Amino acid sequence: MSSHSKAARRFVANRERTAWHDKALYIVRSKRDRMAQSLPEWEQLREAASQIKQHTLSHLADYLEKFERNATANGIVVHWAADAAELNRTVEDIIRQHGGNKLVKSKSMLSEECELTPYLEERGIEAVETDLGERIMQLMHCPPSHIVLPAIHVKREEVGELFERELGTEVGNSDPTYLTHAARRHLRDKFLTADISMTGVNFAIAEEGAFAVCTNEGNADMGTSFTDLHIAIMGLEKVIPDYASLGVFTRLLARSATGQAVTTYTSIYRRPEEGKQIHVIIVDNGRTKSLHNEAHRNMLKCIRCGACMNTCPVYRRSGGYSYSYFIPGPLGINLGMLRSPEQYGGNASGCSLCYSCSNVCPAKVNLGEQIYAWRQEMDSLGVAAKSKKAMVKAMNLIMRHRGIFYAGVGTLPYVPRFVYNNRFNPWCEAREMPHFDTKSFNTLWKQGKIKR
Amino acid sequence: MKVALFIPCYVNVLYPQVGEASYRLLRSLGIDVDYPLDQTCCGQPMANAGYEADAKPLAERMERLFADYDYVVGPSASCVSFVREGYPHLVEHHHNDGRPCLAERIYELCEFIHDVVKPEHIDASFHHKVSIHNSCHGVRHLGLSAPSELNIPYYSKLRALLEKVEGIEIFEPQRRDECCGFGGMFAIEESAVSGCMGHDKVHDHISTGAEYITGADSSCLMHMQGVIEKEGLAIRTKHIVEILTANE
Chain R
21 MSSHSKAARR FVANRERTAW HDKALYIVRS KRDRMAQSLP EWEQLREAAS QIKQHTLSHL
81 ADYLEKFERN ATANGIVVHW AADAAELNRT VEDIIRQHGG NKLVKSKSML SEECELTPYL
141 EERGIEAVET DLGERIMQLM HCPPSHIVLP AIHVKREEVG ELFERELGTE VGNSDPTYLT
201 HAARRHLRDK FLTADISMTG VNFAIAEEGA FAVCTNEGNA DMGTSFTDLH IAIMGLEKVI
261 PDYASLGVFT RLLARSATGQ AVTTYTSIYR RPEEGKQIHV IIVDNGRTKS LHNEAHRNML
321 KCIRCGACMN TCPVYRRSGG YSYSYFIPGP LGINLGMLRS PEQYGGNASG CSLCYSCSNV
381 CPAKVNLGEQ IYAWRQEMDS LGVAAKSKKA MVKAMNLIMR HRGIFYAGVG TLPYVPRFVY
441 NNRFNPWCEA REMPHFDTKS FNTLWKQGKI KR
Chain E
12 MKVALFIPCY VNVLYPQVGE ASYRLLRSLG IDVDYPLDQT CCGQPMANAG YEADAKPLAE
72 RMERLFADYD YVVGPSASCV SFVREGYPHL VEHHHNDGRP CLAERIYELC EFIHDVVKPE
132 HIDASFHHKV SIHNSCHGVR HLGLSAPSEL NIPYYSKLRA LLEKVEGIEI FEPQRRDECC
192 GFGGMFAIEE SAVSGCMGHD KVHDHISTGA EYITGADSSC LMHMQGVIEK EGLAIRTKHI
252 VEILTANE
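As you go down the protein sequences, you meet chains R and E in turn.
In terms of the numbering used here, the first sequence opens at residue 21 and continues consecutively.
In terms of the numbering used here, the second sequence opens at residue 12 and continues consecutively.
Simulated from the structure, these hints should not be mistaken for lab results.
For clarity, every value in this text was computed on a predicted model and none was experimentally measured.
Worth double-checking, as some hints may not be accurate.
Claimed, not checked - Subject to a maximum C-alpha distance of 25 Å in a straight line, what follows is the list of computed SDA-like cross-link-like pairs (lysine to any residue):
hint : chain 1 : residue 1 : chain 2 : residue 2
1    : R       : LYS413    : E       : TYR21
2    : E       : LYS13     : R       : ARG472
3    : E       : LYS241    : R       : PHE438
4    : R       : LYS471    : E       : PRO47
5    : R       : LYS43     : E       : PRO158
6    : R       : LYS51     : E       : ARG187
7    : E       : LYS67     : E       : TYR82
8    : R       : LYS413    : R       : SER400
9    : R       : LYS26     : E       : ILE199
10   : R       : LYS210    : R       : PRO292
11   : R       : LYS175    : R       : ASN34
12   : R       : LYS26     : E       : GLU242
13   : R       : LYS469    : E       : TYR46
Said to hold, decoys possible - Residues from chain R shown here face chain E by an in silico Cβ test under 8 Å; the list is partial:
hint : residue
14   : ALA56
15   : ASN416
16   : PHE456
Stated by the list, open to error - According to the in silico footprint, chain E covers these stretches of chain R (three or more CB under 8 Å from chain E):
hint : stretch
17   : 31 to 45
18   : 274 to 287
19   : 375 to 388
20   : 396 to 409
21   : 419 to 425
22   : 443 to 450
The beta-carbon is built from N, C-alpha and C at its ideal position, and this holds for glycine as well.
Next up, chain R with everything else stripped away, as it sits in the complex (with noise of 0.2 Å):
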């Protein structure tokens, strides 16, 4: 069994659980539909956002060296870190290099790919997640389990008692706008007394070296209003060419996210005000080696909007945690396998082939497909499931001679039904076993018994 079914299985077995897990998802699919088919330019808009990332992707280098020339040129301090190692080492410098030692983070899925929070807490600097789904699970010591709504598997209950221990509020109190006062009233301690603000790049406009961060919160906004050193982190596909191209992004990355029109805040950082410090930090941690990957290259175009998890009806039943990638759902089976194969090709069992992703992706980036050529791989990458490969291999012999299949098919009837419905058999868990109990539409047709 791979690691991702093993997972979902235990998730699984809690039905009224995964039922809520399940609706709560669908619904912000739901959202996203309404917004869809709200627009009459919706099609296009995926088509040219598909496009724009084809050819930025395709021009890499040179938009983004566009970008550090305008960025500096706006007084921008631009890094390049290599990889996830690099990236923590510059951060560290840069706060060294400046002084304090708290710092308030908003929503970065780069920060989780490079351990950057646990690395900075190891020398004894506070990293504080200000975006209130990641500050929930930052509180829990557990990892973000959707990559725009991190907390989706928390029930309010669970937050209401994690609020008790850690912040103090009322016994038993549940209601979400009291506990989301105590985690504002919690927060706002932390922004008045940070050193530090950190965001991440939703996207990088080459042309007029600035760059645009979306939330929901306007916790990126009060953190780096607050202090006078703001670290940006921005993986390389980040760049896009000009504010025209931004245009079309944020049309499609609240509506695709959430079902909003637009994020409540769209923040564009051009240059640093009188006294104060932005640095970008551009980190490639094996995205040029992904982008050399033909087959797969087009998961660069991703622009984390998370609309694929919510729509993929294995991720609703299995949960973010059933996958062994930090990023779940088809773009995280994705990424995981351009990561590393082996370390990750448990997740890739974890897809029906529905297709569903690739057509809410607003990049056009077709998920589905990826998975589909990723299992082709599997097995000369040495990380393909040996009893399905036996399975496959039988099944194959069997297939390939009329005669043995035919024979076989002939005999089944007469194998009394407990031999093959039985718990033995996987299929069996949820599942009666079909009748073999006819003659095939073959013999039938031989024997004329087909009225013509």
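Based on these hints, arrange chain E on the given structure of chain R.
Relative to the frame of chain R, chain E by itself:
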């Protein structure tokens, strides 16, 4: 016009009545249809599991079996979609007679009737409530209906055909084209999630008030029928060709 019936392996073995109804339906529409003997598998299960190369000899066998027909028509959307999308890069073509490869001549049965035959009338009656099962490959690869994710006008080739049946009442589940969880080897390898998806899907169909779940994919129907029997539910599955040839 020479038309061949493609009856996929599991339909051949488990649901001969679907093959029989397919044949009868095409004949009733005035089509001269043949069944090339000893068909087995198109190779889809192997390919979806990650062994496309194992599907190659099966694909070559299919090409040979159906070499002489203008149209090849099968009552299984996912098998047809695999032939259409998978065969062009699996099979080398050296036909000198200029006949296009199988991928270009193969049709799912409803698609063929809707797009090629285009009958005004279908001689069938079915005085029952049915819920359409929009199967993933049928919807998202063959375009049998408008995928719910896209902003394109609603259409459904299955519904258009069913509407020609006398006495029928047609419904669709709330999540109109969510996967039922079959997915070939997925049903075994991820049996817990697959079973949960099947349960949810069958209940979505039941909540329409329908007596039957119908669709163009026997594989989804087989999976859901298994769930129905296991849970003892009050709904049944019936392939769409059985309804398009029904007289009840």
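The hints, checked one at a time:
no. : hint                : in the structure
1   : LYS413/R - TYR21/E  : holds, 17 Å
2   : LYS13/E - ARG472/R  : holds, 16 Å
3   : LYS241/E - PHE438/R : holds, 14 Å
4   : LYS471/R - PRO47/E  : holds, 16 Å
5   : LYS43/R - PRO158/E  : holds, 20 Å
6   : LYS51/R - ARG187/E  : holds, 15 Å
7   : LYS67/E - TYR82/E   : holds, 21 Å
8   : LYS413/R - SER400/R : holds, 15 Å
9   : LYS26/R - ILE199/E  : holds, 12 Å
10  : LYS210/R - PRO292/R : holds, 22 Å
11  : LYS175/R - ASN34/R  : holds, 14 Å
12  : LYS26/R - GLU242/E  : holds, 24 Å
13  : LYS469/R - TYR46/E  : holds, 13 Å
14  : ALA56               : holds, 5 Å
15  : ASN416              : holds, 4 Å
16  : PHE456              : holds, 7 Å
17  : 31 to 45            : holds (count 6)
18  : 274 to 287          : violated (count 0)
19  : 375 to 388          : holds (count 5)
20  : 396 to 409          : holds (count 8)
21  : 419 to 425          : holds (count 4)
22  : 443 to 450          : holds (count 5)
Against the hints set out earlier in the document, a violation occurs for number 18 only.
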